[in-house]
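Colleague: Here is what each chain is made of, one letter per residue.
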Amino acid sequence: MASTIRVRATSNGDITEVQALIQHPMDSGFVKDAKGEIIPPHFIQQLTFEYDGKSVFVADWGGGVSKDPYVKFSFKGGKKGDDLKISWVDNKGATDTTTAKIQ
Amino acid sequence: MSIVRKSGNRFSKEIMLKNKSRMLRASTLSLALALLMAGATPVLAADSEVDFRAAYAAAETANKEAGLLRNQWTVTAAALAEARKAADKGDFDQAIASSKEAEALAKASIFQATSEKTLWKELEIH
Amino acid sequence: MRSAIHLASAALALAALAFGAVPSAVAADTPNPPADAKAFRDFFTQKFPKVKLEDFVNGPYSMNEDLHRQWEEKEQFPPYEFSVDMGKEMFSKPFKNGKSYADCFPNQGIGIRQNYPYFDEKEGKVITLELALNRCREVNGEPPFSFLKDEMAALTAYMAFTSRGKPFDIKIPDDPRALEAYQNGKRYFYTRRGQLNFSCATCHVQSPGERIRAEVLAPALGILNAMPIYRSEWSGMGTISRRFTTCNTQIRGVPLNPQDDEYRDLEYYLSYVSNGLPISGPGARP
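Protein chains in written order, with the numbering used here: chain A, 289 to 391; chain B, 9 to 134; chain C, 215 to 500.
Since the hints were made in silico from the structure, they are not lab data.
Just so it is clear, the structure is predicted and the values come from calculations on it, not from any experiment.
Glycine residues also receive a C-beta, built at the ideal position from the N, C-alpha and C atoms.
Keep in mind that a hint or two might mislead.
Think about it this way: if two alpha-carbon atoms lie no more than 30 Å apart in a straight line, the pair counts; the simulated DSS-like pairs of lysine-lysine are [said to hold, decoys possible]:
#1 C:LYS288 x A:LYS360
#2 C:LYS339 x B:LYS129
#3 A:LYS364 x A:LYS342
#4 A:LYS320 x B:LYS129
#5 C:LYS313 x C:LYS288
Which stretches of chain A does chain C cover? Using the computed rule of at least three CB atoms under 8 Å from a CB of chain C, they are [as the list claims (entries may be wrong)]:
#6 327-338
#7 355-362
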């Protein structure tokens, strides 16, 4: 199955800029469906970006983050050609992971 | 009701009997009044319901005409729904009021559709 | 005031008929689409002299610098990507009878979005892309999709994507029915409706760049070029049908059915007056 994570990381030698788009319903658990029943909460709880074995960005999310979240951040370091590992865990225990090369 | 009291009491038997018959007459009177009113109330309620049905039908007819003009308003449908809800609860006064509001809204939407047939040109870019 | 105007014009029409003359109103009613399109374009380029013609297709982003910057950033990782991929996948998957969408469209459905809608002279009606897609499904024994979102949005997103950059090329054949459809669409666009008494023009001609509640309004020129869109307000994709129907509801008018004649004609008019502007779809909007 295709990854839910799309990522692009570019390094200028000094700083690496990372953008990621993650496919996830991010249901808060407060929204009702057309029948008036609550759509159960289903959202990413933790999102982690790792470089060289260290976490460079960790997000602890709740139901307030919208569907298909988009993340953009920068970190010091990171070389072209190196790996950047991204993974998330949601409240149902599901996970996904991907690795991208820094460009 | 019969209350037996010792004689000598001001509530002597004769007086009690008189009171009793007075009370009986009074209760008969009030019963009669109650029966009269009970008989009357359904008649009044029926009038309200008839008025509601007429008002609702008028609103529906106007809204249907707006529909033929492809120009119904969402608030008209909402007012009609409010009218139905009130009628289901037996609150015909409210039901009539909502029906009349729906009819007014429907008529306004008809006026809008009719007048816009020529007025749209005023907004056109030339 | 209005009834006075009505009476006056009624009297004039009657008088004209009485004299056997052709009322000038009839001549003025014969639509001149090329003149309309030029006037439409000029109106917006004059109102917004700093906006390049092709930028009008970016809607609110062409009206507000800050929004434009945020949008440019987001376009590197657009939220409609998933929909385009889904559309591409659907396009390549054959129906149960072995045929596919490619068999229903010229050039296998690739790079043709800018030609829709078109006037079908056999049927005597306007055919939009969404309508053509569902008809393709039906003639091949497949159930139609909702016109509003999900699969229909994915298909039109993919088709729009293959036409990115190509200018709108809507044709009005020399057929009175086509002219009538065009005119119907134009009339719909300017007609006020709903309890709020708004026409499409009220927001998109009179007030582009201004705000309605928190939203910056898009200009009508090029307004369909970015469709279908991933709209943050919807947390998802929506088609032209979705936008037309939800807009009706927002001004408290009961929407018509998706792909009713009025909507098809409206799309015909709006697309035609944006001829020459590039397809930018699928798009992202607030």
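Colleague: Against the 30 Å threshold, does the CA-CA distance of C:LYS288 and A:LYS360 hold or violate the hint?
Modeller: Holds, at about 10 Å.
Colleague: Counting residues of the region 355-362 of chain A that have a beta-carbon nearer than 8 Å to any beta-carbon of chain C, does the count reach 3?
Modeller: Since 4 is at least three, the answer is holds.
Colleague: When I compare C-beta atoms, does the region 327-338 of chain A have three or more residues closer than 8 Å to chain C?
Modeller: violated (count 0)
Colleague: Hint check: A:LYS320 vs B:LYS129, CA-CA at most 30 Å. Holds or violated?
Modeller: violated (43 Å)
Colleague: Against the 30 Å threshold, does the CA-CA distance of C:LYS339 and B:LYS129 hold or violate the hint?
Modeller: holds (24 Å)
Colleague: Hint check: A:LYS364 vs A:LYS342, CA-CA at most 30 Å. Holds or violated?
Modeller: holds (12 Å)
Colleague: Against the 30 Å threshold, does the CA-CA distance of C:LYS313 and C:LYS288 hold or violate the hint?
Modeller: violated (37 Å)
Figure legend: structure checked against the earlier numbered hints; hints not met, in rising order: 4, 5, 6.
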